[in-house]
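In case you want the letters, here they are:
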Amino acid sequence: MAEENTNNELTYKEVNVDVVNTMTKTGLGYYVLLGCAVSGFLGFWIVPWIIQIYYGQGITGLNTPNFWGIYLTNFVFWIGISHSGTLLSAILFITKTPWRRSIYRSAEAMTFFSVLTAAIFIFVHMGRPWNFYWTMPYPNTRQLWLNFQSPLMFDVFAISAYMTSSVIFLYFGSIPDLAAVRDRVTGWRKEVYTVLALGWRGTDSEWHWLYKAYTFFAVFIIPLAVSVHSIVSWDFALSKVPGLSKTIFAPYFVVGAIYSGSAGIVTLMLAFRKALKLEKYITLLHFDKLCLLLLVMSLLWSYINVVEVFTGWYANTSAENETLIFRMLTKPYAYMYWLMILTNTVMPLLFIYKGFRRNIYIALIVSVGINVGMWIERYLILTTSLPRKFLPYMWHEYIPSLAEISVTLGSFCFFTMLFLLFIKLWPSVSIYEVKEDIGIPFSSNKRK
Amino acid sequence: MDRTVIGLFQYVDNMLDAAHRLKNAGYKITMFSPVPIGHEIEESLGERPNYIKWFALAGCLAGTGFGVLLTLGTAAMYVLPRGGRPLFSVTPTLLMAYETTILFGVILTLLGFLLFTRLPSWKTKPYVEAVNIDSFGLMVDNIGKNKRAEVEGIMKEFGATEVVNKLD
Chain R
238 MAEENTNNEL TYKEVNVDVV NTMTKTGLGY YVLLGCAVSG FLGFWIVPWI IQIYYGQGIT
298 GLNTPNFWGI YLTNFVFWIG ISHSGTLLSA ILFITKTPWR RSIYRSAEAM TFFSVLTAAI
358 FIFVHMGRPW NFYWTMPYPN TRQLWLNFQS PLMFDVFAIS AYMTSSVIFL YFGSIPDLAA
418 VRDRVTGWRK EVYTVLALGW RGTDSEWHWL YKAYTFFAVF IIPLAVSVHS IVSWDFALSK
478 VPGLSKTIFA PYFVVGAIYS GSAGIVTLML AFRKALKLEK YITLLHFDKL CLLLLVMSLL
538 WSYINVVEVF TGWYANTSAE NETLIFRMLT KPYAYMYWLM ILTNTVMPLL FIYKGFRRNI
598 YIALIVSVGI NVGMWIERYL ILTTSLPRKF LPYMWHEYIP SLAEISVTLG SFCFFTMLFL
658 LFIKLWPSVS IYEVKEDIGI PFSSNKRK
Chain A
44 MDRTVIGLFQ YVDNMLDAAH RLKNAGYKIT MFSPVPIGHE IEESLGERPN YIKWFALAGC
104 LAGTGFGVLL TLGTAAMYVL PRGGRPLFSV TPTLLMAYET TILFGVILTL LGFLLFTRLP
164 SWKTKPYVEA VNIDSFGLMV DNIGKNKRAE VEGIMKEFGA TEVVNKLD
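So the protein lines, in turn, are chains R and A. Quick note, in our numbering, the first sequence goes up one by one and the last residue is 685. Quick note, in our numbering, the second sequence goes up one by one and the last residue is 211.
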């Protein structure tokens, strides 16, 4: 088990100093990057969105029969990215896995920011976003309530519940660390963290109830996360469209979400550890374990893809055959499909070899590749099904407009901006859990 | 005037031994630590109750009720015929109830935590910052002046590196 203990050469005091320093010591590079992210968010996302709201959905590539395009691709992609942070953190907490401790806080933040990004895409996709409150249950003069038999309504509740629970999980687990920050900072920071820490003092009673409640949160989060992406898959699978109406979609989406989310964590951790000089906390062991997880998820995801193709082939209906041929063998979709297979099925096989799992450059290339592939997967699901329904006279190719491409780029800037703000405003590594990893000091000179 | 004494310890077992002695002597003790030591405390001073589970259960039951009522109640109050399909459909009701069960469970668990820890509380309370860094703290409060020396003595006997006095 010696290998499992990742931080045993650190001291308690060092952990407090190092983590608070990540928040208080800021270089020029940070401001430049933040400035780029904010500009990208405003320029690539907000400006085209305002233009779209002003001129209407006509400036997008959405038209009959392609009512769902790149915006919903992004929605599913970002919801997928959100799936590993909180879910992985909860599973690793329950299984008492030590290597979770250095990485879970920022992974949970990743969950919140990506759910937020995904949720905003619903508004971008709406023609009239100011009518969003129609999705909320409230008595109204129209005498019309929500139709709970629509999977879109399941989505509203599932995503709201997931976002609320993820925020509670993130904040709740941070309370002792916010108190540690409160004790080390001065000025406006002191006042802010005094409020955020809620008056935490680290008494035996506070720790006792924190641990009990945290365990319940972890238990609640796991089935919730699984349900959220299952429900997202039913937005598509409960339709009668060839290429969408598949019973395997729920597990396919959940596996895909965990896969892309885990790849997102690897990419983010590599950048995060380098930028904040956290090599002592986020070690090669973390990447070894995460890449092993990617390998397992890759095999599962590939298996489901094979099953999807074979069941369609076995059904041998003209609609199924047409969808498969269109997706796998027709340009330009075939290029995307086989690129996806390369990045998501072939490249992760490198992780069979331990040396590659501990090579940060290989991990970076493969993890970015996986998320490129996972974005393509969602794009293909939408753009090769709705434009190719049963009757050929309905067939129509979907081409995303410049506004849609711009908003897509803007979403990455938005996510980056939120994460950059997070690392300066929140203890991004769990102070008390890293200390647990170091060990509890006993007078017999042993750490337990 | 009553006083509060906080002893700081470098090692957790020293603090637990001192806590054991002071508890047996009839003092009301509070322990501070920079890491969760629930397991060590329970080994030394006995198991503690877990009432949070009842909050979680109550939240889940309330959430299930809310989800079922919302879905079926909506269908009953605002009838929306859909080509002969049932007005009260089982699948969406279960799905909605599933989501609200978890959501309410999370919210009530949080409320339970806040209730038992009495947080948030921004009033000034006896506290030493070192217990959030690398020391273990043992606090005895409401002790008269004549008992202070005894408490301090016990703490030092068990290896307290520092004893801090605070007025209540």
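Since the hints were derived computationally from the structure, they do not count as laboratory data. Just so you know, even glycine gets a beta-carbon here, dropped at the ideal spot from N, CA and C. Be a bit skeptical, because a hint or two may be false.
To spell it out: a stretch of chain A is covered by chain R in this simulated footprint if at least three of its residues, at any positions, have a beta carbon under 8 Å from a beta carbon of chain R; those stretches are [unchecked claim]:
| hint | region |
| --- | --- |
| 1 | 88-97 |
| 2 | 162-171 |
Beta-carbon label-pair distances, calculated as ranges [to be verified]:
| hint | chain 1 | residue 1 | chain 2 | residue 2 | range |
| --- | --- | --- | --- | --- | --- |
| 3 | A | T167 | R | V605 | 42 to 52 Å |
| 4 | A | V207 | R | C273 | 46 to 56 Å |
| 5 | A | R125 | R | P460 | 37 to 47 Å |
| 6 | R | C273 | A | P124 | 53 to 63 Å |
| 7 | A | L123 | R | F369 | 14 to 24 Å |
| 8 | R | L658 | A | A105 | 46 to 56 Å |
| 9 | R | I602 | A | W165 | 24 to 34 Å |
In silico SDA-like pairs for lysine to any residue, Cα to Cα no more than 20 Å straight-line [what the hints assert, rightly or not]:
| hint | chain 1 | residue 1 | chain 2 | residue 2 |
| --- | --- | --- | --- | --- |
| 10 | A | K209 | R | V456 |
| 11 | R | K427 | A | P169 |
| 12 | R | K511 | R | L521 |
| 13 | R | K250 | A | I176 |
| 14 | A | K209 | R | G436 |
| 15 | R | K427 | A | S164 |
| 16 | R | K661 | R | E428 |
| 17 | A | K166 | R | E428 |
| 18 | A | K199 | R | E428 |
| 19 | A | K71 | A | N189 |
| 20 | R | K526 | R | T440 |
| 21 | R | K427 | A | K199 |
| 22 | R | K427 | A | K168 |
| 23 | A | K168 | R | V456 |
| 24 | A | K96 | R | V456 |
| 25 | R | K477 | A | P169 |
| 26 | R | K568 | R | L521 |
| 27 | A | K96 | R | Y451 |
| 28 | R | K511 | R | F593 |
| 29 | A | K166 | R | D420 |
| 30 | A | K166 | R | V422 |
| 31 | R | K333 | A | H82 |
| 32 | A | K166 | R | Y451 |
A quick look at each hint next to the structure:
1. 88-97: Three-residue rule met by the region 88-97 of chain A, so holds; n is 4.
2. 162-171: holds (count 7)
3. A:T167 - R:V605: 42 to 52 Å: holds, 50 Å
4. A:V207 - R:C273: 46 to 56 Å: Distance hint for V207 of chain A, C273 of chain R holds at roughly 49 Å.
5. A:R125 - R:P460: 37 to 47 Å: Violated, at about 29 Å.
6. R:C273 - A:P124: 53 to 63 Å: holds, 54 Å
7. A:L123 - R:F369: 14 to 24 Å: holds, 21 Å
8. R:L658 - A:A105: 46 to 56 Å: Because 35 Å falls outside the window, the suggested range is violated.
9. R:I602 - A:W165: 24 to 34 Å: violated, 49 Å
10. A:K209 - R:V456: The given pair, whose Cα atoms are some 41 Å apart, is violated under the 20 Å limit.
11. R:K427 - A:P169: Holds - the C-alpha atoms of P169 of chain A and K427 of chain R are around 18 Å apart, at most 20 Å.
12. R:K511 - R:L521: Holds. K511 of chain R to L521 of chain R sits at ~12 Å (cutoff 20 Å).
13. R:K250 - A:I176: holds, 6 Å
14. A:K209 - R:G436: holds, 18 Å
15. R:K427 - A:S164: OK: K427 of chain R and S164 of chain A at ~16 Å, within 20 Å.
16. R:K661 - R:E428: The given pair, whose Cα atoms are some 16 Å apart, holds under the 20 Å limit.
17. A:K166 - R:E428: Within the cut-off at roughly 13 Å; holds.
18. A:K199 - R:E428: violated, 35 Å
19. A:K71 - A:N189: holds, 16 Å
20. R:K526 - R:T440: Given pair K526 of chain R, T440 of chain R is violated - Cα atoms ~34 Å apart, limit 20 Å.
21. R:K427 - A:K199: Distance ~33 Å between K427 of chain R and K199 of chain A Cα, so the pair is violated.
22. R:K427 - A:K168: Since the Cα atoms of K427 of chain R and K168 of chain A sit roughly 17 Å apart, the hinted pair holds (cutoff 20 Å).
23. A:K168 - R:V456: Violated, at about 33 Å.
24. A:K96 - R:V456: Measuring from Cα to Cα gives roughly 12 Å; hence the hint holds.
25. R:K477 - A:P169: violated, 65 Å
26. R:K568 - R:L521: violated, 41 Å
27. A:K96 - R:Y451: Between K96 of chain A and Y451 of chain R the Cα gap is close to 11 Å, so the pair holds against 20 Å.
28. R:K511 - R:F593: Since the Cα atoms of K511 of chain R and F593 of chain R sit roughly 19 Å apart, the hinted pair holds (cutoff 20 Å).
29. A:K166 - R:D420: holds, 15 Å
30. A:K166 - R:V422: At roughly 19 Å apart (the allowed maximum being 20 Å), V422 of chain R and K166 of chain A satisfy the hint.
31. R:K333 - A:H82: Holds - the C-alpha atoms of H82 of chain A and K333 of chain R are around 14 Å apart, at most 20 Å.
32. A:K166 - R:Y451: Measuring from Cα to Cα gives roughly 25 Å; hence the hint is violated.
The structure does not agree with the numbered hints 5, 8, 9, 10, 18, 20, 21, 23, 25, 26, 32 stated previously, though it agrees with the rest.
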